[in-house]
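2 protein chains.
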Amino acid sequence: MESAKNQHLVPNFASMTVAQLLAALASPDPTPGGGTAAALAGAMGTSLLVMVAGLAKSKNNTDEEKTALANARAAIEPITSKLTNLADADSASFDAVMAAYRLPKATDEDKVARTQAIQSALRGATEIPLETLRACADALAHARVVADCGNRSAESDVGVAIGLLKAAAAGAAANVRINLGGLKDEGFKSATEAETARLLEPALA
Amino acid sequence: MESAKNQHLVPNFASMTVAQLLAALASPDPTPGGGTAAALAGAMGTSLLVMVAGLAKSKNNTDEEKTALANARAAIEPITSKLTNLADADSASFDAVMAAYRLPKATDEDKVARTQAIQSALRGATEIPLETLRACADALAHARVVADCGNRSAESDVGVAIGLLKAAAAGAAANVRINLGGLKDEGFKSATEAETARLLEPALA
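Protein sequence lines, in the order shown, are assigned to chains V and H. Residues 0 to 204, numbered by numbering that gives the first Met the number 0, are exactly what the first sequence covers, in order. Residues 0 to 204, numbered by numbering that gives the first Met the number 0, are exactly what the second sequence covers, in order.
Next comes chain V alone, as it looks inside the complex:
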């Protein structure tokens, strides 16, 4: 029953229309929020990069450039569905945090269980945007090849893609950090903050 219930709760934004997605983002409900929007903006970025990397009439590329472009396309393509899944997982993880905060706190046992549930949920709500940040940083690393070897006529598409991936990376990092603030596991906190900073620096360069 629990898994059936959870399946019902996990959203599927890829199957929504764009209009439905925008209405859901604008609604007063806390989810979907910035984490989901960031992941989907990143997915628009990777989709644009796949378009440019796959253009048939490229400029007079050398064989090396063609191979680099094909490798970049192969690396970027699966990131789109990873990011749409992370968009869903981000909302689900934040819903879990709110559900944990709503647990009873009448007895000492309640309080211990609630604190543990909140810590566990906050950890999940940190790991999901960290995964989004990793995916965006990965896409941005490959985007340089698309910018260098891609069709010149699609230059502004690459520029928009990079801008969206940078905004998505920065947004994901902000969500990692906001949820990290509520965690007590100092080892996890310092390791996660270090990875966030390490990923963000080249991503935003």
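If you're looking for bench data, these hints aren't it; they were derived computationally from the structure. Keep in mind that a hint or two might mislead.
Sample of chain V residues facing chain H (criterion: CB under 10 Å; computed from the structure) [stated by the list, open to error]:
hint, residue
1, V17
2, Q19
3, A112
4, A116
5, Q118
6, G170
7, A193
8, A196
A few chain V residues that don't get close to chain H, going by computed Cβ distances all over 10 Å [to be verified]:
hint, residue
9, F12
10, T66
11, A74
12, K81
13, A95
14, D107
15, K110
16, E154
17, D156
18, K165
19, K183
20, R197
21, E200
A short list of chain H residues far from chain V (calculated; beta carbon distances all over 12 Å) [said to hold, decoys possible]:
hint, residue
22, F12
23, E63
24, E64
25, S80
26, A95
27, A99
28, R133
29, S152
30, L164
31, L182
32, D184
33, T191
Built from N, CA and C at the ideal position, the CB exists for glycine as well.
Fit chain H to the given chain V structure using the hints.
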């Protein structure tokens, strides 16, 4: 017949599912491209701002802050549908440019007509992203109020919204400039470049 044909050609991205939109962006077809993705990223940004500006349980705002927040919400809300319409118009305007380039150029008359059609289409493909830039700059001006008076718990949502709107504004400006490069009307070019620079500076500040 012409208008019926045009109606058929104008896409409606808001009615697509997110998965269909991403597949369309990733396809080798030149449209939808960066201009459409930028406008839709901006629409995600305005939707997030509407959510935060409309949160019932705001912090202890003064009456002045509540009014400012309500005014910001009223100003931002219509920008979402403006941006989704611009996402459609951006693809249509770029399709018109490509159609103009495909016109016959066998005779001198053909060549004159083709040049005029290209200039007219490029002007349209400049005006649409300029309108996107205006809409994003407008939303960003109101976003400051949402950041200042909005619910603190939604701080990262506002941060993501501003990041997406900045990326959208920068992407729209890049599209204005790339199409402006092909135009011959020097008066329009200098006026449009001046407005683009004027809008972009505070938007990206």
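**Report entry** Minimum Cβ distance from F12/H to chain V greater than 12 Å, as the annotation requires
**Finding:** About 6 Å separates F12/H from the closest Cβ of chain V, which leaves it inside 12 Å; violated.
**Report entry** Nearest-CB test (12 Å) between chain V and E64/H
**Finding:** holds, 18 Å
Query raised in the report: Does the claim that D184/H lies off the interface hold, with its Cβ farther than 12 Å from every Cβ of chain V?
Result: Correct as stated: the minimum Cβ-Cβ distance to chain V is 21 Å, above 12 Å.
**Report entry** Non-interface label on K81/V, tested against every C-beta of chain H at 10 Å
**Finding:** holds, 12 Å
Query raised in the report: Are Q118/V and chain H close enough, Cβ to Cβ, to be under 10 Å, as the hint says?
Result: violated, 18 Å
**Report entry** Reported absence of E200/V from the contact zone with chain H (all CB gaps over 10 Å)
**Finding:** Holds: least Cβ distance 17 Å, greater than 10 Å.
Report task. Would you check whether the claim that D156/V is not at the interface survives, using Cβ distances to chain H and the 10 Å cut-off? Result -> Its Cβ does come within 10 Å of chain H, the nearest being 4 Å, so this is violated.
Query raised in the report: Can we keep the A112/V interface hint, with Cβ of chain H closer than 10 Å?
Result: violated, 23 Å
Query - A74/V non-interfacial with respect to chain H [C-beta, more than 10 Å] - result: Given a closest Cβ separation of 14 Å, the condition holds.
Query raised in the report: Far enough from chain V: is every CB of that chain over 12 Å from the CB of S80/H?
Result: violated, 9 Å
**Report entry** Distal placement of L164/H relative to chain V, Cβ over 12 Å
**Finding:** Its Cβ does come within 12 Å of chain V, the nearest being 9 Å, so this is violated.
Requested in this report: Return the status of the interface hint for Q19/V: holds when the least beta-carbon distance to chain H is below 10 Å, violated otherwise.
Outcome: holds, 9 Å
In this structure, the earlier hints numbered 3, 4, 5, 7, 8, 9, 16, 17, 18, 22, 25, 29 and 30 are contradicted, and the remaining ones agree with it.
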